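Participant: Here is how the chains run, residue by residue.
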Amino acid sequence: MDERQHNQIAKWERRWLALSGLMSLTFVILIAYNLATEGTHIAQRTSKAAPEQILAQDVFREPGVRQLAPGKIQVTTVAQAFVFQPADITVPVGADIEFYLAAADVIHGYQIERTNVNVELIPGEVARLNYTFDDPGVYRITCNEYCGIGHHNMLGTITVLPASQWNAPDAQRGASATDGPGVYAANCASCHGADGAGVRGAFPPVAQHAADLVVDEGRDYVVDLLLYGLQGAINVDGVAYNGVMPAWSQLSDEQLANVANHITIDWDEDGVLPEDFEPYDPSEFAEARGQQLSANDVYQRRNE
Amino acid sequence: MTTATANRAVATTGHPERRVTFAFLATGFLALLIGALLGPLQALNYAGIDLYQHLPFLASYYQGLTLHGVLNALVFTTYMNAAILLYFPAREMKVPMNMPFVWATYGIMTGGLAIAGVAILANTSNVLYTFYPPLSGHWGFYLGLALVVVASLMVAFETLRMRAVFRRENPGQVTPIITYMAVMTQLMWILASVGIVVEVVVFLLPWSMGLIAGVDPALARTLFWWTGHPIVYYWLLPAYISWYGFMPKQAGGELVSDSLTRLAFLMFLMFSTPVGFHHQFTDPGISAGWKMVHSLLTMFVGIPSLITAFTVAASLEVGGKRAGGKGVFGWIGKLPWNNASFTAQVLAMIAFIFGGAGGIVNASFNLDPLVNDTAWIPGHFHLTVGTAVTLTFMGLAFWFVPHLTGRRLLSNRLALASAWTWFVGMMIFALGMHWQGLLAVPRRAQISAAPDWAYAGTEVPAAITGVSGVFLLVAVILFFTVLIGTITSGQRLLESQRPAIPFVDAKELRSVGVLKVLDMVWGWFLIAALLVAVAYLPTLIDMFINQVGIQPYRLW
Chain A
1198 MDERQHNQIA
1208 KWERRWLALS
1218 GLMSLTFVIL
1228 IAYNLATEGT
1238 HIAQRTSKAA
1248 PEQILAQDVF
1258 REPGVRQLAP
1268 GKIQVTTVAQ
1278 AFVFQPADIT
1288 VPVGADIEFY
1298 LAAADVIHGY
1308 QIERTNVNVE
1318 LIPGEVARLN
1328 YTFDDPGVYR
1338 ITCNEYCGIG
1348 HHNMLGTITV
1358 LPASQWNAPD
1368 AQRGASATDG
1378 PGVYAANCAS
1388 CHGADGAGVR
1398 GAFPPVAQHA
1408 ADLVVDEGRD
1418 YVVDLLLYGL
1428 QGAINVDGVA
1438 YNGVMPAWSQ
1448 LSDEQLANVA
1458 NHITIDWDED
1468 GVLPEDFEPY
1478 DPSEFAEARG
1488 QQLSANDVYQ
1498 RRNE
Chain B
-18 MTTATANRAV
-8 ATTGHPERRV
2 TFAFLATGFL
12 ALLIGALLGP
22 LQALNYAGID
32 LYQHLPFLAS
42 YYQGLTLHGV
52 LNALVFTTYM
62 NAAILLYFPA
72 REMKVPMNMP
82 FVWATYGIMT
92 GGLAIAGVAI
102 LANTSNVLYT
112 FYPPLSGHWG
122 FYLGLALVVV
132 ASLMVAFETL
142 RMRAVFRREN
152 PGQVTPIITY
162 MAVMTQLMWI
172 LASVGIVVEV
182 VVFLLPWSMG
192 LIAGVDPALA
202 RTLFWWTGHP
212 IVYYWLLPAY
222 ISWYGFMPKQ
232 AGGELVSDSL
242 TRLAFLMFLM
252 FSTPVGFHHQ
262 FTDPGISAGW
272 KMVHSLLTMF
282 VGIPSLITAF
292 TVAASLEVGG
302 KRAGGKGVFG
312 WIGKLPWNNA
322 SFTAQVLAMI
332 AFIFGGAGGI
342 VNASFNLDPL
352 VNDTAWIPGH
362 FHLTVGTAVT
372 LTFMGLAFWF
382 VPHLTGRRLL
392 SNRLALASAW
402 TWFVGMMIFA
412 LGMHWQGLLA
422 VPRRAQISAA
432 PDWAYAGTEV
442 PAAITGVSGV
452 FLLVAVILFF
462 TVLIGTITSG
472 QRLLESQRPA
482 IPFVDAKELR
492 SVGVLKVLDM
502 VWGWFLIAAL
512 LVAVAYLPTL
522 IDMFINQVGI
532 QPYRLW
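Residue numbers (this note's numbering), protein chains in the order written: chain A, 1198 to 1501; chain B, -18 to 537.
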């Protein structure tokens, strides 16, 4: 390479370097300006505590939609494997919506399509952000952080209505269905399957197995299992499972009793339940709430 | 061992480094083979087609995805780096490797791979290659990965040791160019690996063994990304070594600027690590101010790649013009396009232009929320890691494997076909995945099993992604036919017929003073460490003080 060619390349090299630097600097200025003027969708952590303490806070005890003032909405959502509580909500167009989001077990994601709402929900943290929908429509919510075998089923919707069509609820409760099949479909089907057959090796079956549990472990066991969850290695019909059943104590006593009856009585194909089996009553769940069990306590009971 | 037997060993095996280098290379490509065969299934999954249910040895999509990510992103790259960052400096400086130490390194790395591999295959550790707690794998998974990292640091130690020997034996000489690039890569990796070492050894390993009850997920993520972004440069820089160090020679040109090459690698040492928050823009627990600092530093780390684009392109242009190319673009046609090794690496560079542009979007704090954790992200890194790095290593292998094994390349034509199919397949994949990502289709999800309503309206990009899987399957079969065919049945070459290492000519040392300053590598290392401390410690100290421990979960 001769001197002339080298000098020519060196000249362009300096121009290229200057251009690269200028481009990067321009990008940084644009990013800073953009966020300073319209950055309220960026989630901030408002508190950090053990997940049980967070879920006991007022805003999360009954997650859903509240109207704080005309044009001012609060949305609270709890993410847990593999559902959003509540999954489907309705908000008015143009309202200033304040989101409070938390994860109950592992890390989940919360992304609303066609918006720049995208938050990492980390157990132990409460995330807050503000967003205003300008257009009515149905927006899909996805969990976009891998959270386990049912991750792809963790979905929700936000229906944005014209303000005139939207009625302020006291709170659009999580899993608003109260009938047994409805509660099952909203909360349980993403793991155990719509027909209760489960996923071999990943999620045990519920159909028939729930009735078997009543016979083998006692009717109270099913109450504790739903309220406090279960963690540890189990064996169902010769297949090993080693996962986690989340606690469902945020559902109402009525919802829990109805879903318990659905999975035990409706799905007792073999007819193992005794003739005189009494359907579950909400009061049984109300009483069992005082025990403060852990998922491991329930597991220990199963093995006794 | 007597001198006579030592001489005989050299006479029969040539350079003893070849065998250990080939061991690293072959094990790396074996990992790529297994990982890459699963890739097309992932692409088809994003088109709504589930073939996983037909694989009896995998329990779920997510187990396959864990295997794919760990083998391709972590294992393949680490083995290739060991081969490249040990062998070329050793040959360039003519300093022998410490053979027992390097074989021990290979043993530790492979032992770690075996332990982690068993844990994944046993369906105990479907935590993907980012293994965010509180999802918890088996302790064997973390132990195995830790051993792979330890071995990679032993490789770094050996590269630095060889340079120290060279300096002792050649006082006053500047580190030669290939070695300089390798040394800077290793220093960057030493600084970068601190995060993952602390995460795994202090937190995840004892936690998965039940020795500690809880781990703070936000802290663990932050430590992960301390390493997680620069690890991308740890994968990329060995490819850059081939681009700067060998390709100009392959094109008949020369490296147009020795000092600018060194400056680029110095900037990678400085700016690769203090940028991890750009993977955590959507984490609520990190302050917006510090995220903005990392966004700024990430823009800086784009500059050495822009320098690379200029310097490498200019070096190739010199070659094309020497071959008779005229005008602004005329030299391009004169490049050795019939050389599979060269063409594969040029295609890798072209893919990297698109990958780099997408990377600037990801690094922009305000744009990232639109694409974070969507299909856009794997679309992006299959251009950078999956094409720029992997296709470069494939192209490198087309001369390096004959050089190491003394076997002629099975077929240059098949090799060319594999490179082109890989490139076209990955470009199609990237188009489909970037597009799906903009429609908020999440990454790492078994889309084929999701309810039908969820992704209605995304059928066109989904189909594009699916088509790419077919191309890539063909590319994998072609490439491994060439590679395995070369190793097992390539025509034997005489010692004098083996392809020589195409060390670049870089004689234009304009200012020895500048080179001497650039050569003060440990001083630059200290400055880089200081920058990392400033960028990370305020956030990390706060996280260490305010930990909320979470129990392990196994949700598969």
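To be clear, the hints were calculated from the coordinates, so they are not data collected in a lab.
A few of these clues could be false.
To be verified - So the derived label-pair ranges between C-beta atoms look like this: (1) B:451 / A:1392: 30 to 36 Å; (2) B:514 / A:1247: 28 to 34 Å; (3) B:268 / A:1480: 44 to 50 Å.
All values derive from a computational prediction rather than experimental measurement.
Think of the CB as a built atom: it goes at the ideal place given N, C-alpha and C, for glycine as much as any other residue.
Participant: All the hints need checking, so say for each whether the structure fits it.
Facilitator: Cross-check of the supplied hints:
1. B:451 / A:1392: 30 to 36 Å: Distance hint for residue 451 of chain B, residue 1392 of chain A holds at roughly 34 Å.
2. B:514 / A:1247: 28 to 34 Å: Since the Cβ atoms of residue 514 of chain B and residue 1247 of chain A sit about 30 Å apart, the hinted range of 28 to 34 Å holds.
3. B:268 / A:1480: 44 to 50 Å: holds (48 Å)
The structure is consistent with each of the numbered hints, conforming to all of them.
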